[in-house]
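Take these sequences, add in the hints, and give me the full structure.
Number of protein chains: 2
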Amino acid sequence: MNAVASINDYMQALGQRARAASRAMARASSATRNRALELIAQAIEREADALRAANRQDMDAALANGLAPALLDRLALSDKAIATMIEGLRQIVALPDPVGEISNMKTRPTGIQVGQMRVPLGVIGIIYEARPNVTVDAAGLCIKSGNATILRGGSEAIHCNRALAKIVKAALLEAGLPEDGVQVVDTTDRAAVGALITMPQYVDVIVPRGGKSLIARLMQEATVPMIKHLDGICHVYIDAKADLQKALDIGFNAKCHRYGTCNTMETLLVDRAVAASILPALAQRYLTEQVELRADEASYAILEGAAYPHLVRATEEDWSTEYLAPILAVKVVDGIDAAMDHINTWSSKHTEAIVTEDYSAAMRFLREVDSASVMVNASTRFADGFEYGLGAEIGISNDKLHARGPVGLEGLTSLKYVVFGHGETRK
Amino acid sequence: MNAVASINDYMQALGQRARAASRAMARASSATRNRALELIAQAIEREADALRAANRQDMDAALANGLAPALLDRLALSDKAIATMIEGLRQIVALPDPVGEISNMKTRPTGIQVGQMRVPLGVIGIIYEARPNVTVDAAGLCIKSGNATILRGGSEAIHCNRALAKIVKAALLEAGLPEDGVQVVDTTDRAAVGALITMPQYVDVIVPRGGKSLIARLMQEATVPMIKHLDGICHVYIDAKADLQKALDIGFNAKCHRYGTCNTMETLLVDRAVAASILPALAQRYLTEQVELRADEASYAILEGAAYPHLVRATEEDWSTEYLAPILAVKVVDGIDAAMDHINTWSSKHTEAIVTEDYSAAMRFLREVDSASVMVNASTRFADGFEYGLGAEIGISNDKLHARGPVGLEGLTSLKYVVFGHGETRK
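From first to last, the protein sequence lines are chains A and B. Note that the UniProt record's numbering numbers the first sequence so that position 402 is 402, with each residue one more than the last. Note that the UniProt record's numbering numbers the second sequence so that position 290 is 290, with each residue one more than the last.
Calculated from the structure, these hints are not laboratory results. A couple of the hints might just be wrong.
The list treats identical chains as interchangeable, and a pair is accepted whether it falls inside one copy or across any two copies.
[Said to hold, decoys possible] Below, computed lysine-lysine pairings styled on BS3-like, alpha-carbon distance capped at 30 Å:
hint	residue 1	residue 2
1	K427	K80
2	K212	K427
3	K427	K241
4	K166	K80
5	K106	K241
6	K427	K106
7	K80	K169
8	K80	K212
9	K241	K166
10	K427	K166
11	K106	K169
Everything numeric in this text was worked out from a predicted model, so none of it was measured.
What follows is the structure, encoded as structure tokens:
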């Protein structure tokens, strides 16, 4: 038997155990699931030294392998990261239980009562890169929502993830839940990922958390549905009727609050009617952050006139580029229709905002822009599970089916129909 | 250029036009969409003779090709079928508009207001077999829900579908909608289906309506998500605390009301405590329909004792067979846990029912059985969009993501986040 075949067997066994455990996870009471979360939090507190030691092993190996500083940074399990994991678990405990809620119950003319019950999806596969804290965050959300989980973290974090898995399994057992409710894939072999994303009989949904290249690769091969987004090419459109102050605040915040996040603005659209007055004022703000502006012809002329120093001519490629950097594509458009055309053509369907005081323009933008989050007079940076009040976020979806936008506990559940009858039969 | 390549080009062009039309469909008012539906109904009434002539062409060709009588029956466009299409359209007009509804609007501590707006999915692909009435039903539901549609009917119905397409396009134009809002694939080449299910850039979801073999084939190849179910292996479990009368009524109705439907019971589970008293009484009912009972060891002994004439020993294969015929698998189980184990192992996750007067058994069954519809004291035959009050049904989904169970207009929409701000920026 070759190595891939044996990894496949290993993953099949993992999947089978997850499927079996998912039934007990689904029927566990709220109190039991919350107790497991609290026990994990306590164990992390108690065994912080052991976790630090495991993380040191990972860090030493990563240093020896010459891992890039940015990745080393993500791999590190600082005291603050430990405290945040514990705090995160307790926040999840405090969230309302999504499982078992019945809604839309209606009595039909036949006498049956029909409603929908929120139930766990079953088995969630999480694929992520170095960060060990994802192990605990993701396990926490899956336990809370009554799902079994298979976690596949970055190979760089294997020692720390093993230590965390031990803690989680002990807590599940102590709470009276199956230890297979959360399983960490205990091999760094890449074939494990290939197996995980192609066993729909054992895994109901995959949540990939990581860079664009990871997700693009998974999209090619996965036969299990994914809750995912590939990138965030977010737009702000400054309408002819925009309030100047709001346009400046939102235009600056959406780009410069943080550069590396998927809800950061990457293209600014400005109505021709106000471009000459707004762009120079906005450029003064961008100058404080030395933002490079990649401008179309009309905006280039205006910004050149305003002597903006970091000015580059935009090419078509800029409309589909996620810079994740102090770079912004800028385009002058003829009104809201041209703005929405541009957005519906180039956007990654993540988040778009209009700045306007015009009621009809706001309503049209909300209705007609086909993205997961659509905003009026707010920074795109608000597109986030915590900011939306979901309490926690397992990921963000740019897809339209199932969960769309920031995904919290509800996205890890489904609605099944429940029927209360009294002996009714079909006539 | 070979034939498949040119079919591919044809389908790509269709997809591109559908995507473009979907924007106008999505922003059209309720009144406009309803007017288009009413115009289609009127045109079908007015042009019934032309439709009958087109159908006759299809029927003649089908007879010449030796099509099976059951398929001929589905292909025929009777006066009743025409009247039903018209009535169906008017029922869709009367349904509430799902598009644009905003729910869960909440004000966050930052000042932004966050809610969810129901919006069309975009482009729906429908793949179906001979029945020409599906062309009108499916187009009607997609127009109502603000989607563009690509319809690929059975090649046997091509003349009738062309005639219907002409009517639909004229009605769309007259209502002020793009005629590409509904497109009928005008080729009988099978490569068209292969293209339709692999262009996620133009098609948001595929709804296959047809037999198991069609859907199984599509599942192998589709890269576009599907709203589908493969089969309906539905169970009724008669609990130890079942009311005898309800058990007899539901046990008979779930099997014998109609044999060819996906919500028909295929396996009956009976608690050992009541098997000897209930099975003989139920068998008397089945005898009126000469239902073949495929019995496990324990139920075989009981039914043999009752001298049931159509008795066969069950094999393991029976637990996973959808008979669509007067045949029923029967098994005696030791209590609700054994019943749920059997169901969660063998069910196709379509619909299951428990017959019981025991409150805790009912609640456990509802919560723990992992199927799209779960019922207490009601016939599985109620699992249907009309019976559930959805008003219309585009299909049934056994999947857990997005739509689950009977799928109506809501299943053709998604929820996007909308944010009302007042100039807020992220701190």
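Checked hints:
1. K427 to K80: Result: close only across copies, 21 Å inter versus 64 Å intra.
2. K212 to K427: For K212 and K427, only the inter-copy Cα distance (27 Å) is at most 30 Å; the intra-copy one is 54 Å.
3. K427 to K241: Answer is between: at 25 Å across copies they meet the 30 Å cutoff, but 60 Å inside does not.
4. K166 to K80: Within one copy, since 21 Å is at most 30 Å while 66 Å is not.
5. K106 to K241: Answer is between: at 26 Å across copies they meet the 30 Å cutoff, but 45 Å inside does not.
6. K427 to K106: For K427 and K106, the Cα distance is within 30 Å only inside one copy (19 Å; across copies 44 Å).
7. K80 to K169: Within one copy only: 23 Å inside, 62 Å across.
8. K80 to K212: within (27 Å within a copy, 55 Å between copies)
9. K241 to K166: Classified as neither; 58 Å inside a copy, 43 Å across copies.
10. K427 to K166: Classified as neither; 56 Å inside a copy, 38 Å across copies.
11. K106 to K169: neither (41 Å within a copy, 37 Å between copies)
In this structure, the earlier hints numbered 9, 10, 11 are contradicted, and the remaining ones agree with it.
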